[in-house]
Amino acid sequence: MVDLHLTADVASPGERAAVDAAIGPDGAVVVHESERSIVAGRTRRQSRRHWLLPALHALQAEAGWISPGGLNHVADRLQIPPAEVFGVASFYGLFRTDDPGHTGSVTHVCVDPACEIAGASDLADELERAGSAVQRGPCLGQCERAPARFVQGRGEPDHVPADDAVPFRLPRPGQPHRRLTARLGVVDPTSLDSYREHGGYGALTTAIAMGPDAVIEAVTAAGLWGRGGAAFPTGVKWRAVAAQPGPDKHVVANADESEPGTFKDRLLMEHDPFALLESLTIAGLATGAERGWIYIRGEYPLATSRLRQAIDQARAVGWLGADVGASGRSFDVELRRGAGAYICGEETALFNSIEGFRGEPRNKPPYPTTSGLFGRPTVVNNPETLVNVLPIISAGPAAYRSLGTDDSPGTKLFCLSGSLRRPGLYEVPFGTTLRALLLAAGTEIDRLRAVLLGGAAGTFVGPESLDLPLTLEDARAAGATLGSGAVMPFDDRVDLAAVVTRIAEFFRHESCGQCVPCRVGTTRQHEVLLQLRPGRPLADDRRQLLDDMARVMLDASICGLGHTAAGAVRSALDLGIIGEST
Amino acid sequence: MTSTEAAVTIRIDDTDVALSAGSSILDGCRSVGVDTPTICYADNLTPVNACRVCVVELEGSRTLVPACSRPAEDGMVIRTDSERVRHSRRMVLEFLASSVDLGQADELTAWAEHYGADPGRYGADRAVVSEPVRVQDNLYIRDYDRCVLCYKCVEACGEDAQQSFAIAVSGRGFDARISTEFDVELPESACVYCGNCVAVCPTNALQFRTEFDLRAVGEWRPEDQTVTRTVCSYCGVGCNLELHVQDDHIVACTSPHDHDVTWGNLCIKGRFGWGYV
Ligand SMILES: Cc1cc2nc3c(=O)[nH]c(=O)nc-3n(C[C@H](O)[C@H](O)[C@H](O)COP(=O)(O)O)c2cc1C
Ligand code: SF4
Ligand code: SF4
Ligand code: SF4
Ligand code: FES
Ligand code: FES
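Residue numbers (our numbering), protein chains in the order written: chain H, 1 to 582; chain V, 1 to 277.
There are no misleading hints in this set.
Distance ranges between label pairs, derived from CB positions:
| no. | chain 1 | residue 1 | chain 2 | residue 2 | range |
| --- | --- | --- | --- | --- | --- |
| 1 | H | Tyr-367 | V | Val-32 | 25 to 31 Å |
| 2 | H | Arg-570 | V | Thr-230 | 54 to 60 Å |
| 3 | H | Phe-232 | V | Pro-71 | 19 to 25 Å |
| 4 | V | Glu-159 | H | Ala-221 | 44 to 50 Å |
Far from chain H, by Cβ distances over 10 Å, these chain V residues were calculated:
| no. | residue |
| --- | --- |
| 5 | Asp-101 |
| 6 | Asn-240 |
| 7 | His-249 |
Quick caveat, the hints were computed from the structure, so don't treat them as lab data.
Small disclaimer: the values here were computed from a predicted structure and weren't measured.
Yeah, the Cβ is synthetic: ideal placement off N, Cα and C, and Gly gets one too.
Model the full structure from these sequences, guided by the hints.
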């Protein structure tokens with residue numbers, strides 16, 4: 001029915017080989033005439049289109065951009081209209097659709113707050129002077145070792161210089177409340193045997209013996225809620241998907257971690273990758289889903305390779321596959337790399353991204369538990385949420401609840417960066433005060449001016465909130481959020497107006513552009529803040545404008561990005577840390 | 001819909017409305033005569049619910065909901081003219097008017113006025129969409145400075161009608177644009193010149209070359225045009241055409257939305273073949 005119309009551009013032999021290797025035998029099968037209409041019509045969601053993102057990664061790595069010839073080859077192999085391939089390719093920050101004009105690698109330098117404080121701009125200038133191709137951009141998820149760099153390879157694999165240079169700074173070992181991080185720095189992350197020696201796959205064995213209902217019951221009784229930002233009860237989500245008939249369901253680990261100031265999932269995956277696999281497998285068996293996915297942000301090469309290794313090893317001994325752990329049940333995991341788009345962490349944008357469409361969020365309802373990945377019932381969980389399942393299953397919900405509060409049981413990972421001496425990952429019981437956490441990380445409390453909780457999508461709190469117990473309920477009561485667990489203190493040496501303006505710029509840059517309130521609202525909000533001048537109050541009509549824009553973004557945007565895009569700015573205004581009247 | 005599906009009753013601004021199952025809130029609004037602005041919605045396209053100008057207040061919902069695409073559920077209580085609703089509609093229209101040229105989008109301009117949109121509030125150095133007019137053939141032009149990114153042309157070109165997929169949304173955020181692959185010129189693309197995209201565009205960003213040329217010399221006069229219905233003579237399908245005539249010349253050709261053969265869509269011969277009439 002539909003024949004693709006391609007321009008005359010042809011791929012280079014290198015581009016062809018790279019794409020064909022990435023698509024693999026599944027995607028590369030000969031396209032029959034009868035399939036073409038299916039590809040073009042509504043049913044194409046079921047097609048091989050989900051190979052598009054891997055194919056584009058292959059092209060970018062090979063040629064340094066998505067060239068017209070390369071794009072034609074991908075369009076032809078996957079039978080996707082070239083205009084749509086271009087629409088997808090041009091959506092992502094890590095793909096270029098114009099010729100870079102050089103053949104080298106590209107160094108991405110983070111210019112978000114923690115790195116800016118640590119001299120990111122100077123580093124970027126210095127690298128440029130030394131002849132590197134530099135791209136300044138949003139948080140790279142390495143805020144604990146600011147200023148952060150990520151090298152997007154050309155002729156060499158992507159890599160993070162700090163992975164070789166800086167020793168991993170861990171929470172002090174041996175503390176009894178370290179549940180999720182207990183194995184970090186202790187276990188060999190490349191070895192399944194080492195994982196087993198440290199208790200690995202004990203929870204899955206227990207879960208298989210318990211059966212799906214009892215597992216979901218335990219997760220529910222433990223009071224676990226999602227660590228991805230929305231704090232949704234995990235047991236409720238699992239039960240909803242378990243109740244859907246048939247095995248054609250999905251569980252997805254949302255490892256897109258792109259909230260500025262957040263790096264916890266990266267450290268979990270780099271240093272204890274089997275834990276994520278094991279807990280995702282438990283989620284699959286409990287909900288009756290046969291397919292698991294890990295969607296990991298593109299700037300995490302080490303975590304990606306560790307997970308790939310882990311998947312291979314688990315598959316080789318039957319912890320994944322047709323008969324998981326001799327349970328008689330089938331479950332396997334596929335890994336997909338994102339490509340530089342914060343919005344793809346939003347669960348429905350993530351589905352579109354995996355399926356090979358632009359990472360634009362879908363309207364809800366329907367919710368993922370009824371219509372998610374490929375239109376099938378789907379559980380999406382954050383990696384930190386998932387690894388909590390291991391102690392819940394191993395020790396039982398009652399023991400799990402021995403730490404934390406009734407409404408926020410257990411422990412929480414916090415990512416500390418900004419004005420402090422000991423940045424890093426901290427695992428503490430819920431209810432620990434903000435002051436205690438900041439002191440542990442070496443913040444000079446008497447110089448503290450504000451703390452950003454939950455990243456760009458979070459809120460600023462002032463020094464008067466230092467005794468806030470860090471729990472879901474206390475944060476809510478204070479009008480704040482724990483969000484992703486990012487905690488960024490700023491002292492009196494930091495230009496807070498610049499920090500707030502940068503947050504606005506971040507949202508402008510990351511808006512998918514689908515809906516008017518957010519596409520234009522994030523742009524106009526940034527423009528107003530660019531007019532901020534130190535020491536001069538914000539004019540009343542500008543304040544009104546910010547207010548009007550915040551309301552429409554909150555009320556009428558499609559997704560959480562638009563809903564939260566004005567939150568940090570408003571909290572900064574309310575606290576008087578920007579635009580204060582004189 | 002089938003008769004076994006139960007009807008639902010929702011309350012719109014204190015009036016109870018019975019609807020057949022599968023109806024949207026917008027269907028409800030229209031059935032009781034509540035005039036609702038829409039931009040990205042059309043009765044012959046799948047809703048993409050992107051513009052958000054149709055939002056209404058739904059009791060129990062934290063945010064407003066898009067009337068065009070939210071299915072009506074029994075017992076819903078809807079407000080269509082609360083302060084919150086008016087504020088969001090005003091801001092959506094104000095945002096668009098501050099970004100693109102709505103000078104030939106009369107319906108949108110009227111709604112913007114209705115809700116008191118004031119695009120002058122934004123600074124002179126604000127970002128606006130700034131694209132050259134794409135005049136690449138004799139049939140239609142693309143002036144994306146007028147584009148509100150309603151996705152209608154993309155839907156009409158792709159899944160909903162034409163199956164050509166010549167155009168798609170590219171880029172991200174404020175820089176998102178409707179585009180062919182690498183912005184190649186239309187004649188090089190998969191476009192088959194059915195003109196269905198022109199027919200659905202709400203802002204005149206896509207316009208017939210005849211109209212564009214007449215406007216350029218100040219000779220576009222809709223008030224002097226007559227419309228004649230006829231059946232296309234090119235093939236046996238029987239598409240209805242509406243020929244727009246000004247000064248004895250055919251200046252545009254549309255297809256009635258309510259016609260059960262075309263649903264507003266045509267092919268190149270019907271849409272553009274009138275040069276031979
Ligand atoms: C703009 C945006 C970005 C998000 N990014 C992430 C992310 O990187 N990781 C994540 O787990 N959740 C992210 N979320 C939340 C997800 O939509 C979803 O709620 C979460 O993955 C569910 O997992 P949980 O229940 O375990 O928290 C994001 C949400 C929005 C609106
Ligand atoms: S709120 Fe922003 S990110 Fe979300 S769908 Fe709308 S434009 Fe896209
Ligand atoms: S004229 Fe037809 S084929 Fe060409 S872009 Fe418009 S809808 Fe697509
Ligand atoms: S060109 Fe017209 S139809 Fe297409 S998105 Fe823009 S305004 Fe909508
Ligand atoms: S890596 Fe720079 S702020 Fe996170
Ligand atoms: S008309 Fe409903 S969202 Fe555009």
